[in-house]
Amino acid sequence: MRSDSSIFTLSFPYEPWTRKEGVADGEHIREYLTTTAHKYGIDRHIRFNSHVLAADWDSATDTWTLTFEQGGVAQQCRSRFVFFGSGYYNYDQGYTPSSPASNSSAAPWCIRSTGRKTWTTPARRWW
Numbered sequence: 001m002r003s004d005s006s007i008f009t010l011s012f013p014y015e016p017w018t019r020k021e022g023v024a025d026g027e028h029i030r031e032y033l034t035t036t037a038h039k040y041g042i043d044r045h046i047r048f049n050s051h052v053l054a055a056d057w058d059s060a061t062d063t064w065t066l067t068f069e070q071g072g073v074a075q076q077c078r079s080r081f082v083f084f085g086s087g088y089y090n091y092d093q094g095y096t097p098s099s100p101a102s103n104s105s106a107a108p109w110c111i112r113s114t115g116r117k118t119w120t121t122p123a124r125r126w127w
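Residue numbers (the UniProt record's numbering): 1 to 127.
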């Protein structure tokens with residue numbers, strides 16, 4: 001893990017980055033995230049060692065329903081926000097997660113490194 005962006009813009013406002021490096025290496029980013037998540041109880045809301053099977057958007061409630069597998073058991077949870085990870089520094093062809101919706105022409109996808117620079121479709125209508 002590493003970042004090519006200023007860590008000062010990505011750090012938590014209530015737990016500022018205190019190291020002198022503006023572009024941090026993976027070891028220090030992981031240490032910062034782990035310590036901050038534990039200190040503020042954020043880690044209690046993260047599903048570790050899980051595999052997402054489906055992510056379904058509900059426009060009526062403006063929430064996601066995530067179906068995931070953890071320890072061989074399928075489970076569900078609802079969330080207002082979901083962060084989908086992106087590729088790792090391959091700007092010519094970033095990682096595109098596989099999804100049944102990605103094969104549908106009705107569901108626009110924005111791939112950060114290759115997608116359109118501006119979007120006129122509200123996020124809630126992408127799916």
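Worth double-checking, as some hints may not be accurate.
Simulated pairs of lysine to aspartate or glutamate, EDC-like, Cα-Cα distance not exceeding 20 Å [what the hints assert, rightly or not]: (1) K39 - E27; (2) K39 - D58; (3) K20 - E31.
Derived CB-CB ranges, DEER-like [unchecked claim]: (4) T35 - F83: 12 to 22 Å; (5) T9 - F84: 16 to 26 Å; (6) A74 - K20: 41 to 51 Å; (7) T61 - R19: 23 to 33 Å; (8) G26 - R78: 37 to 47 Å; (9) R30 - Q70: 32 to 42 Å.
Hint data in this document are derived by calculation from the structure and do not stem from the laboratory. These numbers were taken from a predicted model, which means no experiment stands behind them. Ideal Cβ positions, reconstructed from N, Cα and C, are used throughout, including at glycine.
Here is what the structure says about each hint:
1. K39 - E27: holds, 18 Å
2. K39 - D58: violated, 32 Å
3. K20 - E31: Within the cut-off at roughly 15 Å; holds.
4. T35 - F83: 12 to 22 Å: This hint holds: roughly 20 Å between Cβ atoms.
5. T9 - F84: 16 to 26 Å: holds, 20 Å
6. A74 - K20: 41 to 51 Å: holds, 46 Å
7. T61 - R19: 23 to 33 Å: violated, 40 Å
8. G26 - R78: 37 to 47 Å: Distance hint for G26, R78 is violated at roughly 32 Å.
9. R30 - Q70: 32 to 42 Å: Violated: the Cβ-Cβ distance is about 21 Å, outside 32 to 42 Å.
Going through the hint list in order, the structure does not satisfy hints 2, 7, 8 and 9.
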